[in-house]
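Undergrad: Go by the hints and put chain B onto chain A.
Protein chains: 2
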Amino acid sequence: MATLYEHGTLAMLMAGKLAGTQTLGELLKHGSYGLGTFDGLDGEVVILDGEVYQADASGKVNHVTDMQTTLPFASVHFPENEVPLKVGENDFASLTSNLTKSYQLANVFAYVKLDGVLDQVKIRIAPKQSKPYPGLLEVAKHQPTFEASAISGSVVGYYAPDIFGTVTAGGWHLHFISDDRSFSGHILSLSTKGLSGKLEIFDSFEQHLPIENPEFRQMQVDTASLQAGIEAAEH
Amino acid sequence: MATLYEHGTLAMLMAGKLAGTQTLGELLKHGSYGLGTFDGLDGEVVILDGEVYQADASGKVNHVTDMQTTLPFASVHFPENEVPLKVGENDFASLTSNLTKSYQLANVFAYVKLDGVLDQVKIRIAPKQSKPYPGLLEVAKHQPTFEASAISGSVVGYYAPDIFGTVTAGGWHLHFISDDRSFSGHILSLSTKGLSGKLEIFDSFEQHLPIENPEFRQMQVDTASLQAGIEAAEH
Numbered sequence: 275m276a277t278l279y280e281h282g283t284l285a286m287l288m289a290g291k292l293a294g295t296q297t298l299g300e301l302l303k304h305g306s307y308g309l310g311t312f313d314g315l316d317g318e319v320v321i322l323d324g325e326v327y328q329a330d331a332s333g334k335v336n337h338v339t340d341m342q343t344t345l346p347f348a349s350v351h352f353p354e355n356e357v358p359l360k361v362g363e364n365d366f367a368s369l370t371s372n373l374t375k376s377y378q379l380a381n382v383f384a385y386v387k388l389d390g391v392l393d394q395v396k397i398r399i400a401p402k403q404s405k406p407y408p409g410l411l412e413v414a415k416h417q418p419t420f421e422a423s424a425i426s427g428s429v430v431g432y433y434a435p436d437i438f439g440t441v442t443a444g445g446w447h448l449h450f451i452s453d454d455r456s457f458s459g460h461i462l463s464l465s466t467k468g469l470s471g472k473l474e475i476f477d478s479f480e481q482h483l484p485i486e487n488p489e490f491r492q493m494q495v496d497t498a499s500l501q502a503g504i505e506a507a508e509h
Numbered sequence: 275m276a277t278l279y280e281h282g283t284l285a286m287l288m289a290g291k292l293a294g295t296q297t298l299g300e301l302l303k304h305g306s307y308g309l310g311t312f313d314g315l316d317g318e319v320v321i322l323d324g325e326v327y328q329a330d331a332s333g334k335v336n337h338v339t340d341m342q343t344t345l346p347f348a349s350v351h352f353p354e355n356e357v358p359l360k361v362g363e364n365d366f367a368s369l370t371s372n373l374t375k376s377y378q379l380a381n382v383f384a385y386v387k388l389d390g391v392l393d394q395v396k397i398r399i400a401p402k403q404s405k406p407y408p409g410l411l412e413v414a415k416h417q418p419t420f421e422a423s424a425i426s427g428s429v430v431g432y433y434a435p436d437i438f439g440t441v442t443a444g445g446w447h448l449h450f451i452s453d454d455r456s457f458s459g460h461i462l463s464l465s466t467k468g469l470s471g472k473l474e475i476f477d478s479f480e481q482h483l484p485i486e487n488p489e490f491r492q493m494q495v496d497t498a499s500l501q502a503g504i505e506a507a508e509h
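Protein chains in written order, with the working numbering: chain A, 275 to 509; chain B, 275 to 509.
It is possible that part of the hints are untrue.
Each pair may be met inside one copy or between any two copies, as identical chains are not told apart.
To be verified - Restricting the straight-line Cα-Cα distance to at most 35 angstroms, the calculated cross-link-like pairs of lysine-lysine (DSBU-like) are:
#	residue 1	residue 2
1	Lys375	Lys303
2	Lys303	Lys472
3	Lys405	Lys375
4	Lys467	Lys405
5	Lys303	Lys387
6	Lys405	Lys360
7	Lys405	Lys472
8	Lys415	Lys402
9	Lys467	Lys396
10	Lys396	Lys415
What the hints contain is simulated information worked out from the structure, not anything from laboratory work.
Isolated chain A, as found in the complex (with noise of 0.2 angstroms):
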């Protein structure tokens, strides 16, 4: 049994809520794996045995340390029950169905985290912002990205099934980062001749609230542009 923890939902960053409303600290209590950005929607974070990366607009990778820093939205999760997982020859649209067929994954929660080499990887970064804040599909109007070839490191993320897609990402959400901890950001496309790691289905999905945040509390959602809104910023 293993739980996959979240803070925020992703509703709140289309609405612009992108201000941090929990401590770093307190995000790894539920996780030593996951996902995430920080305060004012800074960068791309991948979570790894407990440590933080996160890639900033600048294509910079940091390591980070300060405890105090917060996010708006992340996901995580302690390893419990991993199966091995092989992958051949993949772009990012065939490695993503493939694993979803193969796995039968599509009504559950699930994590991958695959070793190897990528001949090609493109990514992308959300850039900080100021504010008044943007919504997020503003701003993935204007995100860099980054490409790399021939680069040894880790493909790793979530698959959520699609009634949660306006909670969190619907789908495959994967993020690369090197070896070398010195590329990292929200993949775009791959490509692989192979790949190997692991697989964690979760049977519960703990959606935790920022329920003390007034701006939170007064948030307006548009349900019915919401899913169209989430398709546009996420795909």
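TA: Positioned in the frame of chain A, the structure of chain B alone reads:
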């Protein structure tokens, strides 16, 4: 800090996955108050202080003690930070919209238990289905309703944010149970001169999924039609 625990999803019921996937014994480990339905969508369940009451489609209320009874869908919690609550003269629409506004519940999960006299209450009770199970939308077309007047009891149930509206019932989902435990069901309408009770706001929502169940793993969810179907089935 309080957690609302849910087993199963509304999307599963919509897809006709009505077989029980968790025992009552397991469910009660996660809460002593709550709502649910039994295997085959058999009735409307209210849980109060660990005691389980099921209204069946004949209108009878059964005090259930068999912990092997299974449920496809249920929400429970342990009271942790309840605040006192008082409401004046109301019908169902004004009661629920006033609660949402007064306590700023739009974006959070919450529970209310309101005790007192209802001048009028109309309830519906889901009738047990047989395999092959229909979806919730079909079941909703043929549900017996019951009415009572000048009846003393409790209005109990949950509020969920709209963005969780395919996972659980978005907005208010309230059941009634009379003080003498002889009349209970899912509330369609009510009127009262005043009720008093308790409100709990949750900072965590824990969604539990039956990941070992092959029918759940293979379930096809048509997300495009899901929201419209839920509107029709639940309102």
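Undergrad: Each hint should be assessed against the structure and marked as holding or not.
TA: Quick rundown of the hints versus the structure:
{"no.": "1", "hint": "Lys375 / Lys303", "verdict": "both (32 angstroms within a copy, 33 angstroms between copies)"}
{"no.": "2", "hint": "Lys303 / Lys472", "verdict": "both (22 angstroms within a copy, 31 angstroms between copies)"}
{"no.": "3", "hint": "Lys405 / Lys375", "verdict": "between (42 angstroms within a copy, 27 angstroms between copies)"}
{"no.": "4", "hint": "Lys467 / Lys405", "verdict": "neither (44 angstroms within a copy, 46 angstroms between copies)"}
{"no.": "5", "hint": "Lys303 / Lys387", "verdict": "both (20 angstroms within a copy, 32 angstroms between copies)"}
{"no.": "6", "hint": "Lys405 / Lys360", "verdict": "neither (44 angstroms within a copy, 39 angstroms between copies)"}
{"no.": "7", "hint": "Lys405 / Lys472", "verdict": "neither (39 angstroms within a copy, 38 angstroms between copies)"}
{"no.": "8", "hint": "Lys415 / Lys402", "verdict": "within (13 angstroms within a copy, 50 angstroms between copies)"}
{"no.": "9", "hint": "Lys467 / Lys396", "verdict": "within (16 angstroms within a copy, 63 angstroms between copies)"}
{"no.": "10", "hint": "Lys396 / Lys415", "verdict": "within (16 angstroms within a copy, 51 angstroms between copies)"}
Violation of the numbered hints given earlier is confined to hints 4, 6 and 7; the remaining hints are satisfied by the structure.
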